[in-house]
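**Q** Residue numbers for the sequence shown, in this note's numbering: 142 to 262.
Simulated from the structure, these hints should not be mistaken for lab results. Watch out, some of these pointers could steer you wrong.
The calculated lysine to any residue pairs, modelled on SDA-like cross-linking and capped at a C-alpha distance of 25 angstroms, are [said to hold, decoys possible]:
{"hint": "1", "residue 1": "231", "residue 2": "165"}
{"hint": "2", "residue 1": "231", "residue 2": "161"}
{"hint": "3", "residue 1": "231", "residue 2": "215"}
{"hint": "4", "residue 1": "171", "residue 2": "236"}
{"hint": "5", "residue 1": "182", "residue 2": "232"}
{"hint": "6", "residue 1": "216", "residue 2": "241"}
{"hint": "7", "residue 1": "231", "residue 2": "221"}
{"hint": "8", "residue 1": "231", "residue 2": "172"}
{"hint": "9", "residue 1": "205", "residue 2": "181"}
{"hint": "10", "residue 1": "171", "residue 2": "205"}
{"hint": "11", "residue 1": "171", "residue 2": "190"}
{"hint": "12", "residue 1": "171", "residue 2": "181"}
{"hint": "13", "residue 1": "197", "residue 2": "161"}
{"hint": "14", "residue 1": "231", "residue 2": "178"}
{"hint": "15", "residue 1": "182", "residue 2": "241"}
{"hint": "16", "residue 1": "216", "residue 2": "193"}
{"hint": "17", "residue 1": "171", "residue 2": "149"}
{"hint": "18", "residue 1": "171", "residue 2": "232"}
{"hint": "19", "residue 1": "164", "residue 2": "179"}
{"hint": "20", "residue 1": "197", "residue 2": "214"}
{"hint": "21", "residue 1": "216", "residue 2": "237"}
{"hint": "22", "residue 1": "164", "residue 2": "177"}
{"hint": "23", "residue 1": "197", "residue 2": "207"}
{"hint": "24", "residue 1": "243", "residue 2": "233"}
{"hint": "25", "residue 1": "197", "residue 2": "241"}
{"hint": "26", "residue 1": "231", "residue 2": "190"}
{"hint": "27", "residue 1": "182", "residue 2": "239"}
{"hint": "28", "residue 1": "231", "residue 2": "243"}
{"hint": "29", "residue 1": "231", "residue 2": "193"}
{"hint": "30", "residue 1": "216", "residue 2": "234"}
{"hint": "31", "residue 1": "216", "residue 2": "191"}
{"hint": "32", "residue 1": "231", "residue 2": "157"}
{"hint": "33", "residue 1": "171", "residue 2": "210"}
For clarity, every value in this text was computed on a predicted model and none was experimentally measured.
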Amino acid sequence: IQSGLDNDKVKESILENEEHLRKTATETIKLLYIITAIGEKEEIAASEEEIYGVVKGMASRMGKNADELVAEYSKEGTLSEVGFNVVREKVFAMVLDNATIKEVGAETEKPAKAKSKKKEK
Numbered sequence: 142i143q144s145g146l147d148n149d150k151v152k153e154s155i156l157e158n159e160e161h162l163r164k165t166a167t168e169t170i171k172l173l174y175i176i177t178a179i180g181e182k183e184e185i186a187a188s189e190e191e192i193y194g195v196v197k198g199m200a201s202r203m204g205k206n207a208d209e210l211v212a213e214y215s216k217e218g219t220l221s222e223v224g225f226n227v228v229r230e231k232v233f234a235m236v237l238d239n240a241t242i243k244e245v246g247a248e249t250e251k252p253a254k255a256k257s258k259k260k261e262k
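Based on the provided sequences and hints, a complete structural model is requested.
**A** Shown next as structure tokens:
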């Protein structure tokens with residue numbers, strides 16, 4: 142089957158996509174480590190009640206029984222992901238609550254001074 146694309150162009154496209162995926166995966170892993178480290182340092186955790194509350198909300202949207210979904214997620218190991226998402230949201234909230242935001246705009250920046258050129262003799 143021919144798609145009308147040159148083999149070299151297909152290979153180049155695959156390599157570009159692979160590089161993008163690798164970079165995205167690397168950034169995601171770094172973010173996971175940062176969130177985990179902040180959560181541990183600040184003793185931020187997800188309680189069983191919080192996890193159950195999230196799963197209950199998911200079950201409601203899916204039209205399922207919350208206890209059955211908890212059992213299913215427990216069996217699949219998905220509850221730990223739900224717990225991590227709860228921790229992530231708490232970490233983000235804590236970081237935003239403690240962040241100092243400074244707006245920087247063009248009107249607050251000083252224009253760069255032009256360097257004078259010495260005339261050659």
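**Q** Hint by hint, note whether the structure agrees.
**A** These are the hints, each one checked on the structure:
1. Between residue 231 and residue 165 the CA atoms are separated by roughly 23 angstroms; this keeps the pair inside 25 angstroms, and the hint holds.
2. Taken as a hint, the residue 231 and residue 161 pair is broken in the structure, with Cα atoms around 29 angstroms apart against an allowance of 25 angstroms.
3. For the suggested pair residue 231 and residue 215, the alpha carbons sit about 22 angstroms apart, so the restraint of at most 25 angstroms is met.
4. For the given pair, residue 171 sits about 17 angstroms from residue 236 by alpha-carbon distance, which is consistent with the 25 angstroms threshold.
5. Among the hinted pairs, residue 182 with residue 232 is consistent with the structure: their alpha-carbon atoms are about 11 angstroms apart, no more than 25 angstroms.
6. Note on residue 216 and residue 241: the hinted pairing is violated, with a Cα-Cα distance of about 42 angstroms set against a maximum of 25 angstroms.
7. Distance hint between residue 231 and residue 221 is fulfilled; the C-alpha atoms sit about 15 angstroms from each other, no more than 25 angstroms.
8. A distance of roughly 14 angstroms separates the Cα atoms of residue 231 and residue 172; the hinted pair therefore holds under the 25 angstroms criterion.
9. Note on residue 205 and residue 181: the hinted pairing is violated, with a Cα-Cα distance of about 33 angstroms set against a maximum of 25 angstroms.
10. At roughly 35 angstroms between alpha-carbon atoms, residue 171 and residue 205 are farther apart than 25 angstroms, so this suggested pair is violated.
11. Between residue 171 and residue 190, the direct Cα distance comes to roughly 28 angstroms. Violation of the 25 angstroms bound is thereby established for this hinted pair.
12. Of the pairs offered as hints, the one joining residue 171 and residue 181 holds, with about 15 angstroms between alpha carbons and a cut-off of 25 angstroms not exceeded.
13. Using a Cα cut-off of 25 angstroms, the hinted pair residue 197 and residue 161 is violated, with the two alpha carbons roughly 36 angstroms apart.
14. Restraint check for residue 231 and residue 178: satisfied, since their Cα atoms lie roughly 13 angstroms apart, inside the 25 angstroms limit.
15. In summary, the hint linking residue 182 to residue 241 is supported, as the alpha carbons are separated by about 20 angstroms, within the 25 angstroms threshold.
16. For the hint linking residue 216 to residue 193, the alpha-carbon distance of about 15 angstroms falls within 25 angstroms, and the restraint holds.
17. Distance restraint check for residue 171 and residue 149: the Cα-Cα separation of roughly 33 angstroms exceeds the 25 angstroms cut-off, and the hinted pair is therefore not satisfied.
18. Distance check on the hinted pair: residue 171 and residue 232 sit about 15 angstroms apart at the alpha-carbon level, within 25 angstroms; holds.
19. A hinted pair counts as satisfied when its Cα atoms are at most 25 angstroms apart, and residue 164 with residue 179 qualifies at roughly 23 angstroms.
20. Using a Cα cut-off of 25 angstroms, the hinted pair residue 197 and residue 214 holds, with the two alpha carbons roughly 12 angstroms apart.
21. For a cut-off of 25 angstroms, the pair hint linking residue 216 to residue 237 is broken: about 34 angstroms separates their Cα positions.
22. This hinted pair checks out: residue 164 and residue 177 have alpha carbons roughly 20 angstroms apart, not beyond 25 angstroms.
23. Of the pairs offered as hints, the one joining residue 197 and residue 207 holds, with about 5 angstroms between alpha carbons and a cut-off of 25 angstroms not exceeded.
24. This hinted pair checks out: residue 243 and residue 233 have alpha carbons roughly 18 angstroms apart, not beyond 25 angstroms.
25. Taking the CA atoms of residue 197 and residue 241, the gap is near 35 angstroms; set against the 25 angstroms cutoff, the hint is violated.
26. For a cut-off of 25 angstroms, the pair hint linking residue 231 to residue 190 stands: about 15 angstroms separates their Cα positions.
27. At most 25 angstroms may separate the alpha-carbon atoms for a hinted pair to count; residue 182 and residue 239 meet this at roughly 15 angstroms.
28. Proposed proximity of residue 231 and residue 243 is supported: the alpha carbons are some 23 angstroms apart, at most 25 angstroms.
29. Pair hint residue 231 plus residue 193 holds up; C-alpha atoms about 16 angstroms apart against a cutoff of 25 angstroms.
30. For the hint linking residue 216 to residue 234, the alpha-carbon distance of about 30 angstroms lies beyond 25 angstroms, and the restraint is violated.
31. With a C-alpha separation of about 18 angstroms, the suggested pairing of residue 216 with residue 191 holds against the 25 angstroms cut-off.
32. For the suggested pair residue 231 and residue 157, the alpha carbons sit about 35 angstroms apart, so the restraint of at most 25 angstroms is broken.
33. Annotation: proposed proximity of residue 171 to residue 210 is violated, straight-line Cα distance about 30 angstroms (limit 25 angstroms).
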